[in-house]
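> With the hints as extra help, turn the sequences into a complete structure.
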Amino acid sequence: MAQITYREALNQALREELDRDERVFIMGKEVGYFGGAFKVTEGLLAIYGEKRVRDTPNSDLTIVGAGIGAAMGGLKPIVELTTIDSDLLAMDQIVNAAAKIHYVSGGKANVPLVIRAPQSQSLEAYFLHAPGLRVFVPAMPADAKGLLKTAIRLADPVIFFEHESLYGVKGEVSDDPDFAIPMGKAKVVREGKDVTIVAYSKSVYDAVSAAEMLAHSAIDAEVIDLRTLNPLDMTTVVESVKKTGRAIVAYQGWRTGGAGAEIAAQIHEAAFDSLDAPVARVASLDTPMPYGQHREIMALPSVAAIVKVAQRLI
Amino acid sequence: MAQITYREALNQALREELDRDERVFIMGKEVGYFGGAFKVTEGLLAIYGEKRVRDTPNSDLTIVGAGIGAAMGGLKPIVELTTIDSDLLAMDQIVNAAAKIHYVSGGKANVPLVIRAPQSQSLEAYFLHAPGLRVFVPAMPADAKGLLKTAIRLADPVIFFEHESLYGVKGEVSDDPDFAIPMGKAKVVREGKDVTIVAYSKSVYDAVSAAEMLAHSAIDAEVIDLRTLNPLDMTTVVESVKKTGRAIVAYQGWRTGGAGAEIAAQIHEAAFDSLDAPVARVASLDTPMPYGQHREIMALPSVAAIVKVAQRLI
Amino acid sequence: MDKHTLDESQLLELFRRMTLLRRFEEKIAGLYVRGKITGHVDLYGGEEAVGVGAICALDLKDYVVSTYRQYGHCLAKCAAPRAVMAELFGKQTGISHGRDGAMHTVDPNLHFIGAIGAGGLPIATGLALAVQYQEGPEVVFCIFGDTALSQGAFHEALNLASIWKLPIVFICENNFYGMGTFIDNSVCQEELYRFAEPYKMPGVRVDGMDVVEVYIAAKNALSLARAGEGPSLIEAVTYRFRGASMSNPAEDRAVREERIWRERDPIMNLRRRLLGEHGVAEATLDRIDHEVDASIDDAVKFAEESPEPPLDTLGKTVYASDH
Amino acid sequence: MDKHTLDESQLLELFRRMTLLRRFEEKIAGLYVRGKITGHVDLYGGEEAVGVGAICALDLKDYVVSTYRQYGHCLAKCAAPRAVMAELFGKQTGISHGRDGAMHTVDPNLHFIGAIGAGGLPIATGLALAVQYQEGPEVVFCIFGDTALSQGAFHEALNLASIWKLPIVFICENNFYGMGTFIDNSVCQEELYRFAEPYKMPGVRVDGMDVVEVYIAAKNALSLARAGEGPSLIEAVTYRFRGASMSNPAEDRAVREERIWRERDPIMNLRRRLLGEHGVAEATLDRIDHEVDASIDDAVKFAEESPEPPLDTLGKTVYASDH
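Protein sequence lines, in the order shown, are assigned to chains U, L, D and F.
So for the first sequence, the numbering used here puts the first residue at 1; every next one is plus one.
So for the second sequence, the numbering used here puts the first residue at 1; every next one is plus one.
So for the third sequence, the numbering used here puts the first residue at 1; every next one is plus one.
So for the fourth sequence, the numbering used here puts the first residue at 1; every next one is plus one.
If you are wondering where the hints come from, they were derived from the structure by calculation, not from laboratory data.
The reader is advised that the hints may include incorrect statements.
[Stated by the list, open to error] The calculated DSS-like cross-link candidates involving lysine-lysine, where the alpha carbons are at most 27 Å apart (straight line), are: (1) D:Lys36 with D:Lys61; (2) U:Lys51 with D:Lys165; (3) U:Lys308 with F:Lys316; (4) L:Lys308 with D:Lys316; (5) F:Lys61 with D:Lys200; (6) D:Lys61 with U:Lys108; (7) F:Lys36 with U:Lys39; (8) U:Lys185 with U:Lys242; (9) F:Lys219 with F:Lys200; (10) F:Lys316 with L:Lys185.
[To be verified] One side of the interface only, derived from the structure: several residues of chain L facing chain U at Cβ under 8 Å: (11) Leu89; (12) Asp92; (13) Leu128; (14) Ala277.
For clarity, every value in this text was computed on a predicted model and none was experimentally measured.
Quick reminder that beta carbons are idealized off the backbone N, C-alpha and C, glycines included.
Written out as structure tokens, the structure is:
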């Protein structure tokens with residue numbers, strides 16, 4: 001165990017899986033010589049060479065498509081997309097090809113592709129609405145490492161979201177090369193009895209901070225980190241809500257049509273009789289992201305917003 | 001007033017707006033010579049000529065982008081996308097450009113673009129999660145005409161979904177060239193007191209059929225046709241749910257992360273104390289669409305499914 | 001290599017496979033009209049020389065990535081007519097267990113991937129990368145229609161294949177028509193093979209109605225790719241007898257123009273050549289016709305008698321990790 | 001037309017605008033380091049001859065659609081330095097009322113659209129369609145980086161512009177580097193102007209470090225477009241002094257290579273030419289330097305003193321139909 005950053009945890013996962021399986025390779029804009037737009041692949045080119053760490057042109061749709069083809073040809077590709085535009089440019093290949101091929105082939109063909117998607121804008125809701133595609137959203141360095149390893153070993157296509165603000169966050173991470181985190185298992189990161197805060201990715205940190213602040217006003221919040229959105233571990237969430245009777249979903253995406261809507265709908269469906277109040281959502285304003293630090297803070301869900309909503313619920 | 005099909009209603013709307021405003025023009029794959037993949041633009045090339053009814057190459061991303069540029073240059077473009085792939089191929093231009101330009105320009109620039117999207121697969125949830133973009137989902141021929149005219153006259157970008165199975169549906173449609181339907185006004189298409197069925201696009205027909213069947217077992221269902229998803233008229237929905245105490249959202253899209261999740265979440269948020277049961281969703285199975293008629297029926301939400309859920313709720 | 005290297009038995013095999021595609025299609029057109037086959041059925045009649053000429057140049061282990069009208073390509077790649085027909089019927093015995101119909105048949109055993117429109121080009125490129133990465137001897141043939149050239153994916157894929165010198169051959173069926181749009185509304189450059197030049201790969205234009213010419217061009221491109229010399233582009237000029245799909249018959253296509261092309265029917269042409277230049281007996285060709293017809297009748301019977309996929313399996317096989 | 005047609009006053013104007021871009025950038029680099037400007041700031045130093053040479057060839061009513069490093073292009077299009085600086089500070093007085101920063105400035109009054117990456121090419125094409133449709137005299141200049149050539153949108157846009165003969169000039173700043181990737185990892189064809197040929201439009205390559213050469217090429221392409229002769233492609237070979245953005249300085253770029261390019265600094269070159277060939281007094285150029293510096297200091301002061309946008313307006317102006 002060592003204290004390393006989220007970025008280093010991802011880098012470790014990549015190294016370990018590159019060591020473990022010759023079929024694993026990485027491709028994307030700037031992943032080689034430059035070490036990745038966010039330096040996640042730093043040092044890998046020097047160790048593994050150009051065959052396994054491949055700089056690609058700026059052709060998002062085609063790089064993802066090539067990942068699909070390579071996966072069907074027996075490899076385990078990891079594609080890094082650099083920007084939010086990239087995710088959307090590649091959407092047709094992700095939703096109409098990667099996610100569907102296993103099904104339309106009658107189960108004959110697999111697409112073991114990992115799409116690493118650093119994100120400043122949170123677009124995970126689009127990919128939650130794409131049957132056949134797994135969606136991973138780790139918040140903690142250990143989960144980043146463990147889930148990336150799981151993603152690489154998986155037979156299904158996975159979109160793996162890395163919130164840009166998390167790369168520098170440190171945490172305890174196992175250096176056991178067999179370490180992996182199973183998908184579809186949410187984690188109770190703080191126990192509490194008054195309200196359940198369901199979060200993922202960056203919002204987990206906000207939720208924990210909010211819970212600490214709420215403790216001062218004698219509100220005991222439970223915080224759940226979903227870790228993956230597909231599979232979605234509603235069992236853990238519903239169990240918690242049945243105990244607390246109140247729930248907040250905190251997420252970085254736009255409020256309307258975001259992943260929080262789905263999670264809230266499922267909580268209502270499964271725990272309606274245990275709820276003392278409707279599930280609340282703390283999310284981004286429904287506006288394009290404005291410019292500037294203080295405005296980002298204004299438009300994005302914040303610790304203060306979670307605290308305020310929790311106090312209102314109780 | 002005349003009985004015409006949904007397809008004819010759209011065609012009338014296009015003609016009337018082409019007549020009304022010189023800046024209006026249509027472009028898309030096959031919209032001219034061939035009259036559109038679904039014959040919606042039939043006859044328009046002959047009347048309005050190649051300047052205003054433009055066949056384009058098979059370049060979805062760029063045709064939508066060209067629509068954005070043309071709109072910013074003072075025109076009122078109507079772009080027809082032919083397939084579900086088209087919507088996704090053009091996603092970057094729709095979400096990152098069309099929807100955002102008004103905002104990032106500080107309100108200086110407008111993008112009065114209409115994207116007509118015939119759909120066999122229901123992908124509207126993606127576009128509901130894109131602030132800045134209006135989303136229209138008419139079910140009835142009259143609404144198809146009235147809302148398309150509103151869309152064309154609007155200063156904002158609109159994605160206008162036409163469910164392929166509705167083109168042949170007939171209904172009473174006004175031939176007054178000033179006829180238009182305001183956006184953001186849901187319509188109570190059937191009054192009832194026991195349960196509210198919220199639907200849009202093709203599912204409105206299923207909801208009405210289900211309500212008729214439910215009447216036989218003395219369940220009096222109210223059916224609401226949302227007509228537009230952005231703006232979303234929750235006032236009408238919430239008023240109904242406060243009366244009935246029960247709600248079902250019926251939609252053609254995949255269940256998980258679909259528009260129904262958002263609508264359900266908002267009903268819970270606004271009418272929790274009036275609800276006798278959690279809002280139920282009747283939607284498509286979370287699987288790629290299988291092949292064959294009977295399997296389509298199996299995977300899609302059906303009248304029988306709505307009836308069954310309504311009976312369970314009460 | 002030139003056309004004289006094809007011996008009589010090879011020519012007969014080309015004839016047999018083209019006949020299979022044509023008769024198969026005629027059969028399913030009838031089944032569609034009678035409502036036995038539903039959904040979207042793309043037709044291929046008239047273009048058989050391209051699919052057959054190209055695919056017959058391959059070894060079984062080589063890959064084909066095809067677009068729309070792919071059951072033709074699928075049959076050319078030696079799929080069992082029974083499995084293809086049963087798939088069109090949506091039956092459990094179909095090549096994709098009835099999940100897919102005919103939209104994007106994917107069969108790893110057959111080394112065949114069907115993909116929609118220009119979306120297949122990136123996937124084919126990735127498949128070629130997998131071959132190169134694993135130092136395999138295989139080559140990927142990626143076959144697509146002319147409208148793909150107006151989609152960015154075509155250009156991105158050629159660029160990537162060129163940079164990495166991948167073992168892939170891009171084969172464009174230029175049939176001059178999309179659903180109703182002439183190519184001059186679609187691509188500013190009607191000599192499509194010219195797009196090879198900026199991507200630094202060989203580009204040739206062949207008569208797509210002449211199966212031998214297609215075969216030779218395909219063999220040449222295959223040899224380059226097999227030898228590690230990288231990708232090529234082949235433009236095969238052809239013509240489809242019907243509209244793009246059964247639900248969009250191009251009724252108004254100029255009758256005269258169609259007659260001219262029909263005179264260039266690739267199957268009739270090969271038939272004439274076999275009877276004339278090669279002195280093949282008419283009975284030999286008739287026997288092939290009958291064998292093909294019998295195999296198609298057998299396939300229809302098989303499909304009709306096959307079970308539907310169990311409805312409760314519909315939500316299954318969405319995730320490989322679930323089973 | 002050739003370079004001798006530029007008179008001294010025109011050359012001085014080119015010098016003034018290039019100097020403005022350079023000094024403005026040096027100022028904001030300092031402000032970024034001191035935390036006055038946040039977010040993503042793309043730099044342009046070294047490429048001024050392209051933006052200034054091309055945009056000065058235009059009339060005010062002509063359109064510029066630009067990509068990333070666009071505040072340079074925005075200044076070249078005669079935006080007020082105050083409005084651009086205030087935008088970078090995120091202030092209400094900024095060109096986009098502080099909404100945007102510098103990512104995709106859009107100002108209809110200035111006939112300027114900033115768009116991200118290759119996404120700008122389709123939009124520029126549509127703008128040119130609007131001009132043609134309305135029979136306007138305007139021309140659209142669409143300026144983008146070399147990495148756009150590996151994106152499908154580039155090809156789709158050139159194809160569309162060619163089919164419709166639109167009044168647009170595509171100007172590629174080929175600076176040989178993306179964020180860290182050399183062009184040979186990105187486009188198989190390093191002579192980017194060659195992509196004009198399959199799209200049937202004129203294509204030229206110019207020295208992007210020579211503002212006069214860029215200006216002349218732009219004027220020629222402009223004349224064609226203005227005369228209804230359709231689109232052109234200009235490749236301007238250039239070099240950016242820093243990495244792609246302030247948060248990604250390319251520390252490890254070969255120092256030697258950079259020094260060679262720095263010797264070709266477009267501003268120093270024009271300065272030498274003005275002093276030498278044209279006998280302009282050093283004091284004249286120094287005065288321009290000082291005027292530019294004064295205007296930038298004024299812009300910074302203005303930006304610093306300007307109010308923040310009211311936070312409660314944040315959720316507003318998402319929809320034009322709301323107000």
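> Hint by hint, say whether it matches the structure.
A quick look at each hint next to the structure:
no., hint, verdict
1, D:Lys36 with D:Lys61, "34 Å, violated"
2, U:Lys51 with D:Lys165, "13 Å, holds"
3, U:Lys308 with F:Lys316, "23 Å, holds"
4, L:Lys308 with D:Lys316, "23 Å, holds"
5, F:Lys61 with D:Lys200, "40 Å, violated"
6, D:Lys61 with U:Lys108, "17 Å, holds"
7, F:Lys36 with U:Lys39, "25 Å, holds"
8, U:Lys185 with U:Lys242, "18 Å, holds"
9, F:Lys219 with F:Lys200, "20 Å, holds"
10, F:Lys316 with L:Lys185, "21 Å, holds"
11, Leu89, "5 Å, holds"
12, Asp92, "4 Å, holds"
13, Leu128, "4 Å, holds"
14, Ala277, "7 Å, holds"
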